[in-house]
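As you go down the protein sequences, you meet chains A, B, C, D, E, F, G and H in turn.
Residue numbering for the first sequence follows the numbering used here, starting at 604 and increasing by one per position.
Residue numbering for the second sequence follows the numbering used here, starting at 604 and increasing by one per position.
Residue numbering for the third sequence follows the numbering used here, starting at 604 and increasing by one per position.
Residue numbering for the fourth sequence follows the numbering used here, starting at 604 and increasing by one per position.
Residue numbering for the fifth sequence follows the numbering used here, starting at 604 and increasing by one per position.
Residue numbering for the sixth sequence follows the numbering used here, starting at 604 and increasing by one per position.
Residue numbering for the seventh sequence follows the numbering used here, starting at 604 and increasing by one per position.
Residue numbering for the eighth sequence follows the numbering used here, starting at 604 and increasing by one per position.
Because the hints were derived from the structure by calculation, they are not lab data.
Hints are not guaranteed to be accurate.
[Stated by the list, open to error] Sample of chain G residues lacking proximity to chain F, with all beta carbon distances greater than 12 Å (derived):
1) Pro644
2) Gln646
3) Ala653
4) Arg657
5) Asp671
6) Pro672
7) Asp673
8) Ala681
9) Asp684
10) Ala698
11) Asp736
12) Leu755
13) Ser758
[Claimed, not checked] Listed next, the in silico SDA-like pairs over lysine to any residue satisfying Cα-Cα at most 25 Å (straight line):
14) E:Lys676 x F:Thr643
15) A:Lys676 x A:Pro701
16) A:Lys676 x A:Ala653
17) F:Lys676 x E:Thr690
18) A:Lys676 x B:Asp645
19) G:Lys676 x H:Asp689
20) H:Lys676 x G:Gln612
21) D:Lys676 x G:Thr690
22) F:Lys676 x E:Asp689
23) F:Lys676 x A:Gln612
24) B:Lys676 x A:Thr690
25) A:Lys676 x A:Asp689
26) B:Lys676 x A:Asp689
27) E:Lys676 x B:Thr690
28) F:Lys676 x F:Asp688
29) B:Lys676 x B:Gln646
30) E:Lys676 x E:Gly641
31) B:Lys676 x B:Arg649
32) F:Lys676 x A:Gly641
33) D:Lys676 x C:Lys676
34) D:Lys676 x D:Gln656
35) G:Lys676 x G:Asp688
36) G:Lys676 x G:Gly705
37) D:Lys676 x D:Ala653
38) F:Lys676 x A:Thr643
Glycine is no exception: its CB is placed at the ideal position from the N, C-alpha and C atoms.
8 protein chains.
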Amino acid sequence: MSTPDPGWQPPPQLRRLAELDTDRAARRGYPEAVYCAGKTPDQVARIAQALGQRAENPQATTLFTRADPDHAKAVLTALPDAHYDDTARLLAWPAEPPAPTGGLIVVAAAGTSDLPVATEAQLTATYLGRSTDLVVDVGVAGLHRVLGHLDLLRSARAIVVAAGMDGALPGVIAGLVSAPVIAVPTSVGYGAAFEGLAPLLTMLNACAPGVAVVNIDNGYGAGHMAAQIAAN
Amino acid sequence: MSTPDPGWQPPPQLRRLAELDTDRAARRGYPEAVYCAGKTPDQVARIAQALGQRAENPQATTLFTRADPDHAKAVLTALPDAHYDDTARLLAWPAEPPAPTGGLIVVAAAGTSDLPVATEAQLTATYLGRSTDLVVDVGVAGLHRVLGHLDLLRSARAIVVAAGMDGALPGVIAGLVSAPVIAVPTSVGYGAAFEGLAPLLTMLNACAPGVAVVNIDNGYGAGHMAAQIAAN
Amino acid sequence: MSTPDPGWQPPPQLRRLAELDTDRAARRGYPEAVYCAGKTPDQVARIAQALGQRAENPQATTLFTRADPDHAKAVLTALPDAHYDDTARLLAWPAEPPAPTGGLIVVAAAGTSDLPVATEAQLTATYLGRSTDLVVDVGVAGLHRVLGHLDLLRSARAIVVAAGMDGALPGVIAGLVSAPVIAVPTSVGYGAAFEGLAPLLTMLNACAPGVAVVNIDNGYGAGHMAAQIAAN
Amino acid sequence: MSTPDPGWQPPPQLRRLAELDTDRAARRGYPEAVYCAGKTPDQVARIAQALGQRAENPQATTLFTRADPDHAKAVLTALPDAHYDDTARLLAWPAEPPAPTGGLIVVAAAGTSDLPVATEAQLTATYLGRSTDLVVDVGVAGLHRVLGHLDLLRSARAIVVAAGMDGALPGVIAGLVSAPVIAVPTSVGYGAAFEGLAPLLTMLNACAPGVAVVNIDNGYGAGHMAAQIAAN
Amino acid sequence: MSTPDPGWQPPPQLRRLAELDTDRAARRGYPEAVYCAGKTPDQVARIAQALGQRAENPQATTLFTRADPDHAKAVLTALPDAHYDDTARLLAWPAEPPAPTGGLIVVAAAGTSDLPVATEAQLTATYLGRSTDLVVDVGVAGLHRVLGHLDLLRSARAIVVAAGMDGALPGVIAGLVSAPVIAVPTSVGYGAAFEGLAPLLTMLNACAPGVAVVNIDNGYGAGHMAAQIAAN
Amino acid sequence: MSTPDPGWQPPPQLRRLAELDTDRAARRGYPEAVYCAGKTPDQVARIAQALGQRAENPQATTLFTRADPDHAKAVLTALPDAHYDDTARLLAWPAEPPAPTGGLIVVAAAGTSDLPVATEAQLTATYLGRSTDLVVDVGVAGLHRVLGHLDLLRSARAIVVAAGMDGALPGVIAGLVSAPVIAVPTSVGYGAAFEGLAPLLTMLNACAPGVAVVNIDNGYGAGHMAAQIAAN
Amino acid sequence: MSTPDPGWQPPPQLRRLAELDTDRAARRGYPEAVYCAGKTPDQVARIAQALGQRAENPQATTLFTRADPDHAKAVLTALPDAHYDDTARLLAWPAEPPAPTGGLIVVAAAGTSDLPVATEAQLTATYLGRSTDLVVDVGVAGLHRVLGHLDLLRSARAIVVAAGMDGALPGVIAGLVSAPVIAVPTSVGYGAAFEGLAPLLTMLNACAPGVAVVNIDNGYGAGHMAAQIAAN
Amino acid sequence: MSTPDPGWQPPPQLRRLAELDTDRAARRGYPEAVYCAGKTPDQVARIAQALGQRAENPQATTLFTRADPDHAKAVLTALPDAHYDDTARLLAWPAEPPAPTGGLIVVAAAGTSDLPVATEAQLTATYLGRSTDLVVDVGVAGLHRVLGHLDLLRSARAIVVAAGMDGALPGVIAGLVSAPVIAVPTSVGYGAAFEGLAPLLTMLNACAPGVAVVNIDNGYGAGHMAAQIAAN
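The shape of chain A in the complex, shown without the other chains:
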């Protein structure tokens, strides 16, 4: 809303925006990502422009996470050679992922409703330079489905498991493999799932060792962690 203000305007020290962590790729080996939630499309566009000016030939992919269609539109205007995945709400620039190195990452989604989070994890790992694969709809209510994918799961260097509701899948998979499992709870489920709290607690309490947990619906964090584990 533009208000017809009677004169006084805030001085510059009231109007600062962002300070990019340009040092991060050098320091950590992984580039910075831009978290779009809570930012206006205009703010995101200005950050995208700054990134575009900084690097004519970017070496590493920059990700824009939690990007709704309005954010996506703003970024694609500034960086037309970006890729937007509307299931994962993820933008990647440039669109082409790097050639994969390191070990295989398998992402498992307990149900179809967990796909947005699982896809965000898989795309993140892909853009950080890993080869990835996906198994879907392998919840513990029908064990034969997950048991049917054991060979693929046992070939992974790291596994990401996205599950809502009871969140039991990561513990069951961890009990069957030697690779570490990154569990990501989703906000899928009936009332007492409490927007992901129930699967979060389940995963933290997994009987099988070899499970560690990231934030609810945080597919980006899960994919990033898996990429670090599978780096070599």
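Go by the hints and put chains B, C, D, E, F, G and H onto chain A.
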């Protein structure tokens, strides 16, 4: 949102959808249900088409739960001989329930606002092959109402009780009958009901033994459990 | 503490104790149980004496739940022909269970630490007149253990599953059988199990239908519910 | 612990104790009470001595709440003509209650385990000058018990109901009478009662209007409120 | 949504609606109220019609609580001589309150944002037959405001206090008067008010005795309770 | 909604609005602020008019907090010489801040998404008469960013730190400076941030002493507190 | 427990203890404190010895917080010229506080049960070099008590308020003064105080601006913050 | 307690104990561990004996976690060549760890009070065959301490960080390194740490990607996960 992507597209292993548990009816005696929440109407339509192709003459009913009108429209296009109940947000295919076997299931709703959940429970049990009956508006604030239905309640093999607010009805009914009571808390009530948490806790703490609880607003789960109990 | 009070003593209407629900066996078909927690051994002893005087030849078993050794001593003095199980903290009077009727109840304990609760469930069902069996240490971290008991589990009319930590076992079992599963969360586990809250939520959110839940550590309630389900 | 400090001692402004609200009886019509929890027996004794010196012939009763036996011993030394009830953990000075005025207060305890709280409420109301009566073990699992006391309950000007576990009793009683019901949740129950949280929520969500709630296990507050309501 | 169903329709026992507690005025002395939240306008309209047919000349007011404008429209069509207050979201039928009896009820609102709840309480008490008064914007941040109304507050037989945020006002008022205080927390406030949880807890923990609490935003319950207290 | 009521209208004592704390500037040295959330634009407009009439030449700024664009429009109509900041949702009247006195306040925002809260804090302090500065995007994931502002931070008399997600920034800054840090958690973050609960708890548990916390997203409170600290 | 191990002992990198922040006084102007909870008396003794060796003539006081009597004994053996306050569970070395500088700090305790926390705050501020005063038993249930101390409160540069139960005192005091108020919730109170959660929330939601909050029972943190505020 | 039972004894199917997962080393590559909490020393001793009989020359270490001194005594009797660490409450059999393979694991403890959990993690990783190192007392309140260990931290293949209170250390470390960080919250801290809930939430919300979390105080789980990550 269709984005004008500059070339790169995710490879097939990034795009899988669902793996139906076709084995479930054989393994458990009850067919699979499709949970629609968190799925797009398009995803649900593709699942409905796959089901339609799998079984020309389906023996058992398939249920689509938590189906909003858009989901319903998508399923009815693929499976025109399905039935949609917009109170229960439930689709059943085929529309005609099987002939009832086993014992009677009585569903009790504490108030009119609990009807969506109670109806989902009753329809689920009906479609899983049980005879059912319904009593409404029998909350504990006027005990004579529930006492007036004692004969019906005592004739049941299993009872489902849906209640929000104080959630006291299941315990009161359990104290009056010999049949097991499946309690389903609803998200009906003032602020300190915390979207169903209050009646959930009440039901878990019922003084009368013979009460077991399912998830908040989970009429499907309550009806399924009751159908199993009343199977013989 | 006996205090040297200077004269005034509370009149009788300040000193009442208990009102037994002698009608319950007739009304519900199952006798009353005495919850000992929060009662002094002396109060429990007085209730036991009243029960002993009421029935020279009791037809049905009376249970004393949550009885610590001091409660047990007090009851056994009043009712010497009672049986006390110190794992389950359960007293039964008379000691001999009735001859079993109805279907088989199988109790599954995820781990050895869940045995107190599982035993309380099994003894309760046994004393309410059911035949029972027990499988122990079949947590989901090693699926082959639960799969090795499938025949026994599939022969049950009702199954009780006690589990702490991630509480995933009831959902996994429910996905494999047609019998209803009564899930009882236990307070076993690390910090974020929050004294049983985590497995409670897991069980309420079980992906597989056919699971209903009782209170944390409430083996008595689970066994009672199962006995009602398996009554015929 | 007396430590051999090397000299320095805190100055007086670091060592103050209490400031009695001597104005309260005049301002509100009800005298102050001393909450003993968190105070040392020595601190309570000093407060009792100050009270004893202030009033040679006290007009109104002073209550010491949450007094464990050590507190009681300390007070009885300073005020030998006090009365200590070890069930309610309440001390009253002087021991003799005033002659009753106003309407009748009926206190109902759902179970024997709720007696400490119910007794605290009843004694408080008695010492604030009301006539009181008590019904025990009238939980909703056996409705005939509470229905058997309807005449007494309907003769009350105010009713206090103490209940743990499901906390359903206050709402059921409120639906049967015209008097206001003060509900006091107790910390009695299994794990998911969460030390009184479950009955607290139940009572706040009572379907029947005419229920208001005080703190968990706060029999003093319930009795005080009832005494104010029944003042005329 | 009307679906083109292929034939099968649910039988009557799947379609029941409500069972009015016509006995309540006789049993309790206060008439039933209709809770509109969670009911469709059509359901409310059918209940209003049934009420209109039952009583040509109603003796007592019927209230419709939590009525949004669509509910109001539906009721006013069926009962044109009803009164709708859109601040309190309350409908009363007939519109004219009964002549007041009993003692005065004073309603205090901590801030202007608490007015919807305070008004619901005041109108409820008015329609149940009490004389009422209102003080607004007397939060504890400026004590002189509440102290300026002491004479009015001290003339009340019962006081209702609605407050959000810190919820401190009921305890402060209770410490100044002899009348009982019904505290009603509101969902007004910043994030850590957690939709009314913070003032709810504050009120349950009020240092001053003489405070009892009803559900968050439940002005109806507060006004009803106050009307019972001030009945004589 | 204007309803065609059949005659009866509520009497004046049912319709009061607000009681301004005109004494506050004298009593505390800081003027009152108007909290707009939960008030209708019309109510806010009437308060603004009253303020405008009370003071022809206001000495101190009045703030309207949590003002959405509709509130802003209403106030600007009544007080055209006010300033509205749509990021902070804050209105100030008159628009020009007073000349600064006291020490410098530095506001730090962990990320761009925390800017609305940080700006509210900074503007509040500015309008209460302090000089302020702002640093943005200095989260702990890239420590060099905050370390690069150490000179500015160490020149402050008080520091406000706004952060969501892990909320770690206030503790890190407090460990580096001698000035007191006011921490304000924001509702920015993934699911397990629970709308600001996670950073709130982090800040309360800061290892470094010298951190005190205000409500979630309460930039106004943080700025006010900082202005008091930096008053001299 | 000394176990008769068969040979293998953990190598040195498995046995490290502590790394003192010797730089803190220089960096922040306030010395480090040793948090004793969770440390064995032996560990604390070794830290005390290291401190004693580091500084023959210490310039600033070192505090040992949360020191139970066993910790105190261990420290006093190593540093005999320390002072131990068993109410505050605080050790100070050396025993004599520095000469006060800066403004006055007033500590207010709502009740006698809050004295341990209030004393910890007051001693901390005293040892960090401020002059301090204490008012006790000034809870909001009797407003005249806090109003009787207004002159002292208004002379403070910073105020610490310790309160349990409803935690309303900080907001009431903040509304009466211009100094900033540091609120410290205590774990004093009935069940629904939830070990300090209730007063914590109350304080975070204080209606009056000028209140910031530290951790439950954290008198040390409150005193430290106040000392920083009152430094000049 | 041995009770003088009058004859009846539970049949064998009421008395089962444990079912070892002997398949686990083959299936997962890591041996089973015995969780001692909730088991009696006698039960643990019988499990230890069974293990001792199973393997004359064990290839891999068996761990007994959460072993209090009584558990330790019982195991050491059965397996005298075991090692017990009373800080970590961990027993290992046989005592000598395997020769290390894979990458280095660095364990960081924020404070001395976190050492029990950190030691459990370090010993677990050591016994699963990794080389490990430990840094202690590197909390974020004094950043120079953690910055002083950057070379060691950057040489790790996986890092475990144990922290209580604000739990900020894992996120700060993750922002400085490329290795994945396993964060383990501890139950160390003041009241609002809520027994580890606060650091748990902080870690789940870490701004820096590359952090995954295990259960509160679960050093075993953290060390196991790290050993899997650093396996090659």
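Now for the hints, and whether the structure bears them out:
With a minimum CB-CB distance of about 22 Å to chain F, Pro644 (chain G) clears the 12 Å threshold, and the non-interface call stands. Distance check on Gln646 (chain G): its Cβ is at least 18 Å (rounded) from any Cβ of chain F, clearing the 12 Å threshold; non-interface status holds. With a cut of 12 Å on Cβ distances, Ala653 (chain G) stays outside the contact zone with chain F, its closest approach being about 20 Å. At roughly 20 Å from the closest C-beta of chain F, the C-beta of Arg657 (chain G) stays outside 12 Å, upholding its exclusion from the interface.
At the 12 Å boundary, the C-beta of Asp671 (chain G) stays outside the reach of chain F, the nearest C-beta of that chain being 21 Å off. The Cβ of Pro672 (chain G) sits about 24 Å from the closest Cβ of chain F, beyond the 12 Å cut-off, so the non-interface label holds. In this structure Asp673 (chain G) is separated from chain F by more than 12 Å, as the shortest Cβ-Cβ distance comes to about 24 Å. The Cβ of Ala681 (chain G) lies farther than 12 Å from every Cβ of chain F, with a closest approach of about 23 Å, so its non-interface assignment holds.
With a closest Cβ-Cβ approach of about 24 Å to chain F, Asp684 (chain G) is found to remain outside the 12 Å limit, as its non-interface label requires. The claim that Ala698 (chain G) is not at the interface with chain F holds, since no C-beta of that chain comes within 12 Å of its own (minimum 21 Å). In this structure Asp736 (chain G) is separated from chain F by more than 12 Å, as the shortest Cβ-Cβ distance comes to about 19 Å. At roughly 16 Å, the least C-beta separation between Leu755 (chain G) and chain F is larger than 12 Å, which holds for a residue marked as non-interface.
Every CB of chain F lies more than 12 Å from the CB of Ser758 (chain G), the least distance being 14 Å, so the non-interface label holds. Restraint check: the Cα-Cα separation between Lys676 (chain E) and Thr643 (chain F) comes to about 22 Å, which is no more than 25 Å; the hinted pair holds. This hinted pair checks out: Lys676 (chain A) and Pro701 (chain A) have alpha carbons roughly 24 Å apart, not beyond 25 Å. As the CA atoms of Lys676 (chain A) and Ala653 (chain A) are separated by approximately 16 Å, the hinted pair is consistent with the 25 Å bound.
Of the pairs offered as hints, the one joining Lys676 (chain F) and Thr690 (chain E) holds, with about 22 Å between alpha carbons and a cut-off of 25 Å not exceeded. Restraint check: the Cα-Cα separation between Lys676 (chain A) and Asp645 (chain B) comes to about 23 Å, which is no more than 25 Å; the hinted pair holds. A threshold of 25 Å between alpha carbons decides the hint, and for Lys676 (chain G) with Asp689 (chain H) the separation of about 23 Å falls inside it, so the pair holds. The straight-line distance between the Cα atoms of Lys676 (chain H) and Gln612 (chain G) is roughly 18 Å, inside the 25 Å bound, and the hint therefore holds.
With a CA separation close to 22 Å, the supplied pair Lys676 (chain D) and Thr690 (chain G) stays within the 25 Å bound. A threshold of 25 Å between alpha carbons decides the hint, and for Lys676 (chain F) with Asp689 (chain E) the separation of about 23 Å falls inside it, so the pair holds. As the CA atoms of Lys676 (chain F) and Gln612 (chain A) are separated by approximately 18 Å, the hinted pair is consistent with the 25 Å bound. The straight-line distance between the Cα atoms of Lys676 (chain B) and Thr690 (chain A) is roughly 22 Å, inside the 25 Å bound, and the hint therefore holds.
Between Lys676 (chain A) and Asp689 (chain A) the CA atoms are separated by roughly 11 Å; this keeps the pair inside 25 Å, and the hint holds. For the proposed pair Lys676 (chain B) and Asp689 (chain A), the alpha carbon gap of about 23 Å is at most 25 Å, so the pair holds. Restraint check for Lys676 (chain E) and Thr690 (chain B): the C-alpha separation of about 22 Å stays at or below 25 Å, so the hint holds. The suggested pairing of Lys676 (chain F) with Asp688 (chain F) holds, with an alpha-carbon distance near 12 Å, which does not exceed 25 Å.
Our distance criterion of 25 Å between C-alpha atoms is met by Lys676 (chain B) and Gln646 (chain B), whose separation comes to about 13 Å. Between Lys676 (chain E) and Gly641 (chain E) the CA atoms are separated by roughly 16 Å; this keeps the pair inside 25 Å, and the hint holds. Using a Cα cut-off of 25 Å, the hinted pair Lys676 (chain B) and Arg649 (chain B) holds, with the two alpha carbons roughly 13 Å apart. Simply put, Lys676 (chain F) and Gly641 (chain A) have alpha-carbon atoms about 24 Å apart, close enough for the 25 Å limit, and the pair holds.
Taking the CA atoms of Lys676 (chain D) and Lys676 (chain C), the gap is near 30 Å; set against the 25 Å cutoff, the hint is violated. Taken as a hint, the Lys676 (chain D) and Gln656 (chain D) pair is honoured in the structure, with Cα atoms around 18 Å apart against an allowance of 25 Å. About 12 Å separates the Cα atoms of Lys676 (chain G) and Asp688 (chain G), which keeps this hinted pair within 25 Å; it holds. Proposed proximity of Lys676 (chain G) and Gly705 (chain G) is contradicted: the alpha carbons are some 33 Å apart, above 25 Å.
For the proposed pair Lys676 (chain D) and Ala653 (chain D), the alpha carbon gap of about 16 Å is at most 25 Å, so the pair holds. Between the alpha carbons of Lys676 (chain F) and Thr643 (chain A) the distance comes to roughly 22 Å, so the proposed pair stays at or under 25 Å and holds.
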